[in-house]
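Number of protein chains: 2
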Amino acid sequence: MNLVQKMFKGDKRALTRLITLIENQSPFIFELMPKIYRKTGKAQIIGITGPPGAGKSTLIDQLIKLFRHQKKQVAILAIDPSSPFSGGAVLGDRIRMQSHAGDSSVFIRSVGSRGSHGGLSRATKEIVRLFDAFGFDIIIVETVGVGQTELSIMEIAQTTVVVLVPESGDTIQTMKAGLLEIANIFVVNKSDRPDSSELKRQLSEMTSIPILQTQAIKDVGTQELWEKIKEHSESLKKNNKELELKRKAERRGEFLEIVTNEYEKKLKLASHTDKFLKKLFSEVEEGSKDPYSAALEVINKNKSSID
Amino acid sequence: MNLVQKMFKGDKRALTRLITLIENQSPFIFELMPKIYRKTGKAQIIGITGPPGAGKSTLIDQLIKLFRHQKKQVAILAIDPSSPFSGGAVLGDRIRMQSHAGDSSVFIRSVGSRGSHGGLSRATKEIVRLFDAFGFDIIIVETVGVGQTELSIMEIAQTTVVVLVPESGDTIQTMKAGLLEIANIFVVNKSDRPDSSELKRQLSEMTSIPILQTQAIKDVGTQELWEKIKEHSESLKKNNKELELKRKAERRGEFLEIVTNEYEKKLKLASHTDKFLKKLFSEVEEGSKDPYSAALEVINKNKSSID
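Chains as they are written, first to last, in my numbering: chain Z, 639 to 945; chain D, 639 to 945.
Be careful, since some hints might not be right.
[Claimed, not checked] Taking lysine-lysine pairs in the BS3-like style, the calculated list, with each CA pair at most 27 Å apart, reads: (1) D:K939 - Z:K903; (2) Z:K886 - D:K903; (3) Z:K856 - Z:K875; (4) D:K904 - Z:K927; (5) D:K680 - D:K876; (6) Z:K904 - D:K939; (7) Z:K916 - D:K904; (8) D:K904 - Z:K884; (9) D:K906 - Z:K904; (10) Z:K917 - D:K903.
Hint data in this document are derived by calculation from the structure and do not stem from the laboratory.
Next up, chain Z with everything else stripped away, as it sits in the complex (with noise of 0.2 Å):
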C-alpha cells in the first residue's frame, strides 16, 4: 500500500518495485490495479514497431530530445522475446539510449516474454497504465512489430507508428507482417539508403496514411514525425465516437485476457494439486491420452475441480 502512495508521489523507486511485482504476476496486481486504474487517462501513448534493424530505437531516442526539450516527462516501455544473453532486458537499445540514463524525467524500461502468451501482453498494458497514473506525459511503447503478440500489445497506443527501412523486403512481405492493419503512420527511415523513396512509393499506393522519410540517425525528420503524430492524436479525440469505440474494445480485451490468463495459472497449479487433473496431465504427458480427449473431460467436468 505504502508503495502505491509513494509512487503516486513521484517516487521512482516504488515505481520500479511496481513493475517488478507486475512482471512477476504477483497476485498483489488485484489490489494495485483498481487503484491505478482510475488515475489513467492522462498520458499520450505512442507504439513505435518494425522489424529489426528499422532504427526504431534510434528514432526513439531522437522523439525523446524532442520531448525533453518540450518539458515533457516521458516513460519508454520496450518490449522483448526473452533471450538467455540478456536475461530478458535490452541491453543493445538501453546502450544506444544511455544519453538520457543522467535525466531524471526520461524513464526507460524494458519487458522480456516470460514464456505465457497472455502474460507478456497482459504485463505490458499493466505497466502502460501505471506509467499513465503515475504522470508521464508521453509513454513510448516499442515492439519488434512482427508477430501476433507483439501487433495486439500495440492496440493500447493511441497512435502506432510503424517504421521500415528500404531493406526491409518486398511490400508482399510487408503485408505479411500484419503491419498495415495496425499503423497510423509510416516511417521510412535510414531514407538516404537507394530504393527508399521506392519504398514509399509502393507504400503509398497501398494506404492512405502519412508515409515519412526519416534519417533518425541524423535527427532528419523527427519533428514532421510528432507533428503527424500529434494531427493523428488530435483526429482522434474529435472523433468521439470512434475514441469511444477503441476505449471499449481495449477494456474489454483487458478484462478477457486477465480472466482467461488466470484460468492459466490456476490450472497450471491445479495440475500438481488436484488429484483429477495430475493424472490426466500425466496421462497426457505419457501419451496414452490424447489432448484433446483429456480437454474433453476438463471442459464436462464440473469446473469446481479447477479452481
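Chain Z is already provided as a structure; the job is to place chain D on it using the hints.
Leaving out everything else, chain D in the frame of chain Z:
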C-alpha cells in the same frame, strides 16, 4: 466421419476440408483430433523461421525440389499474421512456390492469424498433426520468426532452422528476437552479400550449433542444409531421454492450450448470454468498473456461471 476415412485413404480434398474445419474452430475437432492423434509420429517436422525478407520461401522451394527428387511427400504450412490485402493467405509465397503447383506430392497451405492469441498456435499444431496422420514424409512449418506466438509455434518442429541475411541487423538485434533460443541450425542466406561471413563469425561466437551459408536463389547450400537437418534429427532420436522430455512438454503444452482456449471461447460466448457476465462486460466497457475488479468477481464467483 466420412471425411476422416477419405482423408486416411489419401483424399486431398478431404484433407483440405478438414483443415478448414480446424481453421473455423469447429466443435467437430474434438471428434477428429483423437482419431488423428493415434496416427501421428511418423513425419519429420522442420521449422523454418526468420525475419521477413530473409529468403525463407526461396530456401523452402529448394528443399522441396530436393525432397521431391527423393520421392518424398511434402507438406508446407506457412503461418502469417492476417492482412486485409491477402485475406490471411500468402499470395507472394504462393506465387513463388507455384513451380510445385502441378505436383500432387507437394501440399502447400497458408494459415492466417485469427486475432485470438491462443488460436493461431493451436490451429497450426492441429494442421501439422493432420499432415502427419495423412502420411506426409516431411512437414515444413514456416513462420515470420520474430514474435512470441510465432516462436512458440516452433515447439512442434523437431528441427528448427533460423534463416538470417547479412542485413538482418546487428547481432544484438538477433538475440533480441529470441531466435537463438529456438534455433537448431542457423542459415546465413544471400551469402554473396557483404558482411555474410561477419554475421556467421558473430553467430559462431554466441552458439555452438551449425551455421551454414546459403544462396537459396542459386540453390547453393541446400544439400548441406538437408544433411545438417538429418544430423540433428538423428542425434535427437539417439538421445531418447531428451526426445521423450521434448514430447512430454509438447503434449502438456498442447493440452493446456486447448483447455485455456476453450475456456476463453466459452467466456466470450457467455458474455452475450449469461446475465451476470453481460452486466459485468458492459460495466467494464463503459469504464464504470475497472477490468481487475471485474475479473476478481468472475474468479471468485462460482465457475458455473461461465459453463
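Are Z:K856 and Z:K875 close enough, with their CA atoms no more than 27 Å apart? 32 Å, violated
Measure nothing beyond the straight line between the CA atoms of Z:K916 and D:K904; if it is 27 Å or shorter, mark the hint as holding. It holds: about 23 Å lies between the C-alpha atoms, which stays within 27 Å.
Given the hinted pair D:K904 and Z:K884, is their Cα-Cα distance within 27 Å? 23 Å, holds
Taking 27 Å as the top limit, are the C-alpha atoms of D:K939 and Z:K903 close enough? With Cα atoms ~17 Å apart, D:K939 and Z:K903 stay inside 27 Å; holds.
Between the alpha carbons of D:K906 and Z:K904, is the straight-line distance 27 Å or under? 19 Å, holds
Hey, Z:K904 versus D:K939, does the alpha-carbon distance stay inside 27 Å? Distance of about 14 Å is within 27 Å: holds.
Next pair to validate is Z:K886 with D:K903; report whether the Cα-Cα distance is within 27 Å. 19 Å, holds
With a cut-off of 27 Å on the C-alpha distance, tell me whether Z:K917 and D:K903 pass. Roughly 25 Å between the alpha carbons, so the hint for Z:K917 and D:K903 holds.
Are the Cα positions of D:K904 and Z:K927 separated by 27 Å at most? Measuring from Cα to Cα gives roughly 24 Å; hence the hint holds.
Hint consistency between D:K680 and D:K876 [alpha-carbon to alpha-carbon, up to 27 Å]: 16 Å, holds
Of the numbered hints stated above, the single one contradicted by the structure is hint 3.
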